[in-house]
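One line per chain: the protein sequences are Z and B, in this order.
Per numbering that gives the first Met the number 0, residue 0 is the first one in the first sequence, and the count goes up by one each step.
Per numbering that gives the first Met the number 0, residue 0 is the first one in the second sequence, and the count goes up by one each step.
Treat the hints loosely; a few may be bogus.
[Said to hold, decoys possible] Which stretches of chain B does chain Z cover? Using the computed rule of at least three CB atoms under 8 Å from a CB of chain Z, they are:
| # | region |
| --- | --- |
| 1 | 108-115 |
| 2 | 137-148 |
[What the hints assert, rightly or not] In silico SDA-like links for lysine to any residue, alpha-carbon gap of 20 Å or less:
| # | chain 1 | residue 1 | chain 2 | residue 2 |
| --- | --- | --- | --- | --- |
| 3 | Z | Lys198 | B | Gly178 |
| 4 | B | Lys290 | B | Glu311 |
| 5 | B | Lys33 | B | Arg61 |
| 6 | B | Lys44 | B | Met255 |
| 7 | B | Lys98 | Z | Tyr76 |
| 8 | B | Lys98 | Z | Thr116 |
| 9 | B | Lys169 | Z | Ser125 |
| 10 | B | Lys44 | Z | Thr121 |
| 11 | B | Lys75 | B | Ala116 |
| 12 | Z | Lys198 | B | Gly204 |
| 13 | B | Lys98 | Z | Lys198 |
| 14 | B | Lys169 | Z | Asn117 |
I should point out that these hints are in silico values taken from the structure, not numbers from a laboratory.
Even glycine gets a Cβ: it sits at the ideal position worked out from N, Cα and C.
Single-letter residue listing:
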Amino acid sequence: MLNVALPKGRIGEKVYSMFEAAGLECPSIRENNRKLIFENPEVGVRYFWVKPSDVAIYVERGAADIGVAGKDILLEYEPDIYELYDLDIGKCRMAVAAKEDFRDNPRKTLRVATKFTNIAKTYYTSLGRDIDIIHLNGSIEIAPILGLSDVIVDIVETGTTLKENHLAVVETIVPISARLIANKTSFKFKNEAIEYIVKKLAGQESTSGDKENNA
Amino acid sequence: MNINDSVLKNEEKAIFGMRSLYRKYGYSQYKMSKFEEYDLYVRNKDFLVSDNIISFTDTNGRLMALKPDVTLSIIKNGRDAGDVVQKVYYDENVYRVSKGSHAFREIMQVGLECIGAIDDYCITEVLMLAAESLRAVSRECVLDVSHLGIVSAVIDGMGADEGLRAQLLKCIGEKNTHGIRALCAENSIPAENAETLIGLVSAYGSADTVLPALGTLCTDEESRKCLDQLSDIVAALNAAGVGDTLRIDFSVTSDMNYYNGIVFRGFVNGIPTGILSGGQYDKLMQKMGRKSGAIGFAVYLDMLENLGDDGEAYDVDTVILYTANDDMTALRGTVRMLTDAGQSVMAQKSVPEKLRYKQLLKMNGKGVEILETNA
Numbered sequence: 000m001l002n003v004a005l006p007k008g009r010i011g012e013k014v015y016s017m018f019e020a021a022g023l024e025c026p027s028i029r030e031n032n033r034k035l036i037f038e039n040p041e042v043g044v045r046y047f048w049v050k051p052s053d054v055a056i057y058v059e060r061g062a063a064d065i066g067v068a069g070k071d072i073l074l075e076y077e078p079d080i081y082e083l084y085d086l087d088i089g090k091c092r093m094a095v096a097a098k099e100d101f102r103d104n105p106r107k108t109l110r111v112a113t114k115f116t117n118i119a120k121t122y123y124t125s126l127g128r129d130i131d132i133i134h135l136n137g138s139i140e141i142a143p144i145l146g147l148s149d150v151i152v153d154i155v156e157t158g159t160t161l162k163e164n165h166l167a168v169v170e171t172i173v174p175i176s177a178r179l180i181a182n183k184t185s186f187k188f189k190n191e192a193i194e195y196i197v198k199k200l201a202g203q204e205s206t207s208g209d210k211e212n213n214a
Numbered sequence: 000m001n002i003n004d005s006v007l008k009n010e011e012k013a014i015f016g017m018r019s020l021y022r023k024y025g026y027s028q029y030k031m032s033k034f035e036e037y038d039l040y041v042r043n044k045d046f047l048v049s050d051n052i053i054s055f056t057d058t059n060g061r062l063m064a065l066k067p068d069v070t071l072s073i074i075k076n077g078r079d080a081g082d083v084v085q086k087v088y089y090d091e092n093v094y095r096v097s098k099g100s101h102a103f104r105e106i107m108q109v110g111l112e113c114i115g116a117i118d119d120y121c122i123t124e125v126l127m128l129a130a131e132s133l134r135a136v137s138r139e140c141v142l143d144v145s146h147l148g149i150v151s152a153v154i155d156g157m158g159a160d161e162g163l164r165a166q167l168l169k170c171i172g173e174k175n176t177h178g179i180r181a182l183c184a185e186n187s188i189p190a191e192n193a194e195t196l197i198g199l200v201s202a203y204g205s206a207d208t209v210l211p212a213l214g215t216l217c218t219d220e221e222s223r224k225c226l227d228q229l230s231d232i233v234a235a236l237n238a239a240g241v242g243d244t245l246r247i248d249f250s251v252t253s254d255m256n257y258y259n260g261i262v263f264r265g266f267v268n269g270i271p272t273g274i275l276s277g278g279q280y281d282k283l284m285q286k287m288g289r290k291s292g293a294i295g296f297a298v299y300l301d302m303l304e305n306l307g308d309d310g311e312a313y314d315v316d317t318v319i320l321y322t323a324n325d326d327m328t329a330l331r332g333t334v335r336m337l338t339d340a341g342q343s344v345m346a347q348k349s350v351p352e353k354l355r356y357k358q359l360l361k362m363n364g365k366g367v368e369i370l371e372t373n374a
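Required output: the full structure, derived from the provided sequences and hints.
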C-alpha cells in the first residue's frame with residue numbers, strides 16, 4: 000500500500016487528478032464528506048488530506064511514502080526527503096517586497112517581517128546583509144505599512160495584494176512550485192511504485208496554472 | 000544466567016549481535032570518556048551532524064563537551080603505525096540536537112573505525128560488516144553505496160565554483176534532477192554535463208542493473224578508475240554473500256572536505272530515516288595531522304524502538320493476590336513454581352490499575368484459586 004499525503008485545497012485536488020490520470024484512482028475521495036483518509040486496495044493506494052505545510056513532516060517521518068509540497072515549505076523546513084519531481088503547478092515566487100517608495104539604507108540593520116524565517120536568513124546571509132527578523136504568522140503585508148518592518152519576505156503570485164497595499168516586489172528570491180517528495184526509506188522499499196508514479200507524472204502536461212498561496 | 004531473548008529490546012539485541020560480529024573480524028572495543036575537550040569539535044565543526052554541542056567548564060577551567068561524535072576522539076587518540084590497521088568498534092551514547100524537536104537527545108550509537116593503510120580489502124570488509132549490521136537489525140535492509148570520486152569528477156568537469164558545488168551537492172542528495180538541470184542552465188554549464196550528473200543521480204538500483212549502465216557516464220580517466228574500484232568492491236561483496244543488500248545510489252553524499260571514495264547509508268524497512276552512515280574519510284585524517292587513511296560507519300539505534308510491533312498483549316503472565324493473613328511460605332513457593340515454569344509473576348495485594356494479565360490467582364490458605372483467565 001502506497002501512502003500519499005495530499006495538501007488540502009485546490010492544489011491537492013489538482014494533484015489528485017494527476018495521480019488519477021496516472022492510474023492511481025480512488026473514487027471515494029471525490030465523495031462530498033469530511034473524511035480525511037481514502038483508500039483503494041485494488042490499486043494499492045491510500046490518500047490523506049493534510050495541511051499543506053505539514054505534508055513534508057508526514058513524508059519525512061514515514062507516515063506518508065510520498066506527498067506533494069510547495070518548494071517554499073521545503074526551503075523553509077529543509078526536511079530530509081527526496082525531491083523527485085517538479086509538478087509545475089502552484090507556481091509563484093518567494094520575493095522581498097516593500098513600500099513602493101522604499102529605499103534600502105545599507106548603514107542600518109534591515110527589519111524583515113516574514114513567515115519564512117529560514118529562507119529570509121539564508122537569503123540575506125548570502126548577501127552579507129545584517130537583518131532583524133520579525134516572525135509573523137499572517138497578514139505579512141501590513142508590517143511595512145505600519146512601520147513594523149522595512150521589507151517583507153513572502154510568497155507572491157500575481158502581485159495584486161501587494162499592489163492594493165501600495166507595496167512592490169524589490170527582489171525575487173526563488174521561484175516556487177509544487178514538488179513530488181518521497182520518504183527516503185520508502186523510496187528503497189517501494190521503489191518500483193514510486194518510480195512508476197514519477198514516470199507517469201512526467202508524461203503528463205501541466206495545463207493549468209492554479210495556485211494555492213496568494214499574496 | 001540465561002537471558003530470555005524476548006526480554007531484550009530491539010536495540011539491545013542489535014548491539015549484542017553487532018559486538019559479536021565485529022569481534023569475529025578482529026575489531027577490539029574502544030571505550031572512551033563521556034567528555035572531550037570542546038576545542039576538538041570547534042576545529043572540525045562541519046564534520047559533525049549537528050553543530051550544537053553541550054559544553055561545560057571542568058574543575059580545572061578547561062572547556063569540555065559532552066561528546067556529540069565518537070570518530071573524532073578515536074582519530075585524535077590514535078597514532079599512525081605503518082602497515083598496521085587499527086580496527087576498533089564502540090557502542091557509546093552521543094549527545095546531539097534532534098532536528099525535529101530542536102532539543103538535545105542522548106543517542107545510542109554503535110560503530111566501527113578502520114584506520115591505517117586502507118586498501119580494497121579493508122573497504123570491502125567494512126562494507127560487509129555494515130551490511131551484516133543492518134541484517135542484525137532487520138532482514139529487510141538496504142545498503143546504498145556511492146563513490147564520491149565519480150560524483151566529484153563529474154562536478155569538477157563542470158568547472159563549478161564552491162557555491163555552485165554546494166548547491167549541486169544538495170540537489171544530488173535530494174535526487175532533485177530538475178534542480179540540477181535548472182542550476183546548470185543558470186550557470187551556463189553545457190547540457191551534456193548536466194545530463195551526465197542527472198544520469199548518475201537517477202541511476203538507482205542493484206549493482207547488476209546500475210553498474211553496466213555507468214560506462215557511458217564515466218568517460219574520463221579518474222571516474223573510470225573509481226568505477227573499476229566500485230565494481231571490484233561490489234564483486235567482492237557479492238562473493239561475501241551480502242550483494243542482495245547493496246544498491247548503487249549516487250545521491251549518497253557526504254561533505255567532500257572530509258570524505259572521499261566510497262560512502263554509504265543503510266536503511267531498514269519500517270524506520271523512516273537512514274540508521275547507518277559511513278564512508279572513507281582520508282581528508283579528515285589529513286586535517287587532523289594523520290598520514291594514514293580511514294573508513295568507518297556508525298549505526299544510530301535510537302529509532303529502533305519504533306521498529307515492528309513491540310507491544311505485548313500482556314504486562315505479566317500471572318497476578319497473584321494475597322493478604323497479610325496468607326501463608327507467605329506458600330506464596331513464595333507458588334511464585335517460584337510459576338517463574339520456574341517460565342511465567343512472569345506479580346504478587347500484589349490488589350490488581351494495579353490498567354494492568355494486563357493472562358490469569359489472576361488468589362492465595363487461599365496454603366493453596367491458590369483461579370479468579371480470572373484471559374489467555
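Against the structure, the hints come out as follows:
no., hint, result
1, 108-115, "violated (count 0)"
2, 137-148, "holds (count 3)"
3, Lys198(Z) / Gly178(B), "holds (17 Å)"
4, Lys290(B) / Glu311(B), "violated (52 Å)"
5, Lys33(B) / Arg61(B), "holds (15 Å)"
6, Lys44(B) / Met255(B), "holds (14 Å)"
7, Lys98(B) / Tyr76(Z), "holds (10 Å)"
8, Lys98(B) / Thr116(Z), "holds (16 Å)"
9, Lys169(B) / Ser125(Z), "holds (16 Å)"
10, Lys44(B) / Thr121(Z), "holds (19 Å)"
11, Lys75(B) / Ala116(B), "holds (17 Å)"
12, Lys198(Z) / Gly204(B), "holds (16 Å)"
13, Lys98(B) / Lys198(Z), "violated (32 Å)"
14, Lys169(B) / Asn117(Z), "holds (16 Å)"
In summary, the numbered hints that this structure violates are 1, 4, 13.
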